[in-house]
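Engineer: Given next are the chains, with one letter for each unit.
Number of protein chains: 4
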Amino acid sequence: MTDKRKPVFLVIGAGAGIGGHAAARFAAGGYHAVLARRSDEDGLARLVGEIDAAGGSASGTLLNAAEDGTIEELVERVERDIGPIEVALYNLGAQIGNRTLHDTPHRTFELGWRLGCYGVFRLAHAAFSAMVERGKGSLLVTSATSAVRGNAGQHSHAAAMGGRRMLCQTLNAEFGPQGIHVAHIVVDGAVDAPDTLGKLLGDKFEPFKAAKGEDGVIDPGALAETYWHLAQQPRNCWTHEVDARPWTDVAWWNDNPAPEINSAGKGFAGPGSK
Amino acid sequence: MTDKRKPVFLVIGAGAGIGGHAAARFAAGGYHAVLARRSDEDGLARLVGEIDAAGGSASGTLLNAAEDGTIEELVERVERDIGPIEVALYNLGAQIGNRTLHDTPHRTFELGWRLGCYGVFRLAHAAFSAMVERGKGSLLVTSATSAVRGNAGQHSHAAAMGGRRMLCQTLNAEFGPQGIHVAHIVVDGAVDAPDTLGKLLGDKFEPFKAAKGEDGVIDPGALAETYWHLAQQPRNCWTHEVDARPWTDVAWWNDNPAPEINSAGKGFAGPGSK
Amino acid sequence: MTDKRKPVFLVIGAGAGIGGHAAARFAAGGYHAVLARRSDEDGLARLVGEIDAAGGSASGTLLNAAEDGTIEELVERVERDIGPIEVALYNLGAQIGNRTLHDTPHRTFELGWRLGCYGVFRLAHAAFSAMVERGKGSLLVTSATSAVRGNAGQHSHAAAMGGRRMLCQTLNAEFGPQGIHVAHIVVDGAVDAPDTLGKLLGDKFEPFKAAKGEDGVIDPGALAETYWHLAQQPRNCWTHEVDARPWTDVAWWNDNPAPEINSAGKGFAGPGSK
Amino acid sequence: MTDKRKPVFLVIGAGAGIGGHAAARFAAGGYHAVLARRSDEDGLARLVGEIDAAGGSASGTLLNAAEDGTIEELVERVERDIGPIEVALYNLGAQIGNRTLHDTPHRTFELGWRLGCYGVFRLAHAAFSAMVERGKGSLLVTSATSAVRGNAGQHSHAAAMGGRRMLCQTLNAEFGPQGIHVAHIVVDGAVDAPDTLGKLLGDKFEPFKAAKGEDGVIDPGALAETYWHLAQQPRNCWTHEVDARPWTDVAWWNDNPAPEINSAGKGFAGPGSK
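Residue numbers (our numbering), protein chains in the order written: chain A, 2 to 275; chain B, 2 to 275; chain C, 2 to 275; chain D, 2 to 275.
The shape of chain A in the complex, shown without the other chains (with noise of 0.2 Å):
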């Protein structure tokens, strides 16, 4: 049902994890939500009906976001037939998991690109323009480990996201004297999330939810209180930038657990002598 009195909330990338979380978050706090993701109309259908089961209001759609002029094309529309999006959220990544540079195809590293970074070009090109007009808006985007250093296998990850994190300061600086709140969330680590992390780890995902403990990945629920808190800042006191991971995983600047022989030779590697 679309409620047009509402502020929109626009997520692109509206799976079963953080995003289709954060849809219900918004919704819950008065925002029409618009859920965009590429396939599984079901899955789209069902989110959407779960917002409305609990008294919120929501809309979905299916988008080919790698495509040019969809994006664009939403935007649009929405503004157009829904209302003034006063907050967006990039949700979408690129990651294809470990790969040596050989089994990293040139067409992957490009899809990484236009998934992970493009796309949020064409995001704030469609939608900052209006924003600017009212003086206010705020586009989050999700982002990954890979956004602040980049791992063995993770060539074309780390290169969408290193430039999608170069982005979003250089739309929140040009933006944010507009009025408009630009928000790099960095997740360091596993999300509970069935249609992504999911999908990649098929019969593996529940043993290795299981391994990592109690509360040992992160609750997309949990993250979209972050993703509301971080819209609902008044404007004389905005965050850019905020890392989250479960209380049990190693911070990404951190050596694994245990790497006694490796720190130890890293830890005396700046004195010279006493």
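One thing to keep in mind: the hints can contain errors.
For identical chains, the list gives no copy identity; a pair is met inside one copy or between any two copies.
Below, in silico cross-link-like pairs of lysine to aspartate or glutamate (EDC-like), each with a Cα-Cα straight-line distance of 20 Å or less [unchecked claim]: (1) Lys210 x Glu134; (2) Lys5 x Glu42; (3) Lys5 x Asp220; (4) Lys7 x Glu80; (5) Lys5 x Glu77; (6) Lys137 x Glu215; (7) Lys205 x Glu134; (8) Lys137 x Asp216; (9) Lys137 x Glu80; (10) Lys137 x Asp220; (11) Lys210 x Asp220; (12) Lys205 x Asp220; (13) Lys5 x Asp53; (14) Lys200 x Glu87; (15) Lys205 x Glu73; (16) Lys7 x Glu207.
These are calculated hints, taken from the structure and not from any lab test.
Let chain A serve as the given structure and place chains B, C and D on it in line with the hints.
Structural biologist: Using the frame of chain A, we list chains B, C and D on its own:
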């Protein structure tokens, strides 16, 4: 008034800015707030009184945090006489304005470290054992731009804050998996804090804020909402670092407004030829 | 003149600035330098001629790096006809000056990525297999301030350079242990490069340099010494990232000169009370 | 032997590792090297003797850098009796191995700061005035991984090194434009340093190095070449920060080898849906 059935929020550095507003926010959320500050008993009583008047629970104490044993004694006393400290906020800094190296005495540099870095260590040392036993607790640490980059004139402040930031990372790495949430908040903008920035600027404080324009200075009450959000994150989704600044402020990693020449040069630094 | 007994230094982006000077430095050090650039056959011949005249070995080729297959063909040709590429320098950027988002066409953004990020991926893809077989090799990547922070107006450039930096880290992580040294050079200042910055600024280039004062612009010959040093580091002591700027330049993480008001505000952001 | 016509290279922390090799490198390059270390007069004499034997100029002194006035007195004595200090290297650390917070006494934490951070401030305070008068000079600061991230168990070390790094940035910002080159070297790997890492590991030092494999530990002589290069950069092209590690070492920002599960989780953290 002290309500022993409430969880305790302890803030070290409780002036009329971030510290006082955080105390009020946590009191409103059901905590008993313990406010500690170095001086101004009247100001302290006023803050406690305002929380009481709003129906919250709070108590105050004077504390010279730079002196050995004081933080330790306070933590012990609160745990014994009031209740378990669930959230501690270290909100002391040692900003002394811009000073050349020549005008930064050795004693000043040491005091900066004592308040800016050593105090966090002492608080963690004093408070974490009990938190670990209880399997939960949070340490919020107010920090500044100087924790992430050292500007000219900030010798004492940046050295203290840089140490503070790395210390927060070590604490998080050791104690996160034991249930303690450590969060480092990079306040990258001026705060409407009469007891610190206000006293420093004196007569120039109001003109300074006016020059910043509408919503151009961080409202400590708004920032307190972010502190509250951090402390309420479930352990599957913890933030370690977050930044905040007013919409009109240039982020620390950006050039100040209108640096056309300089940024042109920088911009063109990389490419060799076409 | 091509001396097949020499190790090969290949530079993509060989203008009269960093690229040309690096070629000259490596030729002086005993390499055969292969210079590739997009246009200006005369300029290319001049650079090759100067190296020859100095007793070095060099050859040149025109190359449209943005076109698929070109870098790949060049690498194959050099390996086959000249000799093993021991050091490759990717020296192309896609700086287009400061442009608002509105004035950054989608095509421009894509071209920025193609030259700024995808080209590095393509070069690594093309050159690394042979290097791995030989158990050694170096990839030097000229980069810019935009790789570490995104300023207003740098949407295309920063997105490309941010991706470049993360890509260099993934390449280093996979190929370092296979004997390939990947180094990312953050050029954080204007370079005395007539073919890029010079062309961009036109008539304003000489006044710009004069305004910078004595030694106020990076001499590409000086920077070439750093490139040479990096390529000569033994594998027990490899640098992955290094920055460089003129002595009078403000580092990217610092405020521009004389930001008293702003930095005072920032300085005082952290502390709560004393 | 002291040759008063030579520029002076002063190293504080001159053991058989980085400090001693840097001294030898600068002596070979035409400097008179002054070696200062806390203890082991025989070891000191041996280092000085080796430089002498190689035709260089060097002298040595014992120094308790943690004690007030010592660095100051040394700088004054060298300037008066030997000659102008052109390059100073601060090569002291305060690594104490991995210790839990509980096992890190307050005194240890303070000593870490005294040697790791305060000493750099004191050296700059003592040496920079004369350098500014002469319009030139360099301060090289050996640093460690702990300066850029805080691992568990590194409370004292990371707090000291984090402060050191920010201090180096403030010094650079103030003194770069006055002709003083400040460089912060992030040694992100184990160094073949018998007087520090060797003493710490004792019997395990040789097995440790053997386990690291061929070229798996930084040769301090190789690193000294990088120090030399930094000190020779002309002022139009100064590096402020550089990292170094062995080819087989995982960079600090990367996961340790074979973290398949963990990195899969992290990798998939970001994207929401496809």
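Engineer: Hint by hint, say whether it matches the structure.
Structural biologist: Cross-check of the supplied hints:
For the identical chains of this complex, Lys210 and Glu134 are neighbours neither inside a copy (45 Å) nor across copies (26 Å), given an alpha-carbon limit of 20 Å. When the C-alpha separation of Lys5 and Glu42 is checked against a cutoff of 20 Å, the pair qualifies neither within a copy, at 23 Å, nor between copies, at 53 Å. In this assembly of identical chains, the alpha carbons of Lys5 and Asp220 never lie at most 20 Å apart, being 30 Å within a copy and 32 Å across copies at closest. For the identical chains of this complex, Lys7 and Glu80 are intra-copy neighbours only, at 12 Å inside a copy versus 47 Å across copies, given an alpha-carbon limit of 20 Å.
In this assembly of identical chains, the alpha carbons of Lys5 and Glu77 lie at most 20 Å apart only when taken from the same copy (15 Å versus 56 Å across copies). For the identical chains of this complex, Lys137 and Glu215 are inter-copy neighbours only, at 14 Å across copies versus 40 Å inside a copy, given an alpha-carbon limit of 20 Å. Proximity of Lys205 and Glu134 under a CA criterion of 20 Å is satisfied in neither setting, with 48 Å inside one chain copy and 34 Å between copies. For the identical chains of this complex, Lys137 and Asp216 are inter-copy neighbours only, at 13 Å across copies versus 36 Å inside a copy, given an alpha-carbon limit of 20 Å.
Proximity of Lys137 to Glu80 under the C-alpha cut-off of 20 Å is restricted to the intra-copy arrangement: shortest distance 14 Å within a copy versus 45 Å between copies. Only between protomers do Lys137 and Asp220 lie at most 20 Å apart by alpha-carbon distance; the minimum there is 19 Å, versus 29 Å within a single protomer. For a Cα distance limit of 20 Å, the shortest separation of Lys210 from Asp220 inside one copy, 11 Å, qualifies, whereas the shortest one across copies, 40 Å, does not. Taking the shortest Cα distances, Lys205 and Asp220 sit within 20 Å of each other inside one copy (18 Å), while across copies they are farther apart (44 Å).
For the identical chains of this complex, Lys5 and Asp53 are intra-copy neighbours only, at 15 Å inside a copy versus 43 Å across copies, given an alpha-carbon limit of 20 Å. For the identical chains of this complex, Lys200 and Glu87 are neighbours neither inside a copy (31 Å) nor across copies (39 Å), given an alpha-carbon limit of 20 Å. For a Cα distance limit of 20 Å, the shortest separation of Lys205 from Glu73 qualifies neither inside one copy, at 37 Å, nor across copies, at 39 Å. Neither within a single protomer nor between protomers do Lys7 and Glu207 lie at most 20 Å apart by alpha-carbon distance, with minima of 38 Å and 38 Å respectively.
The structure is inconsistent with the numbered hints 1, 2, 3, 7, 14, 15, 16, although it conforms to all the rest.
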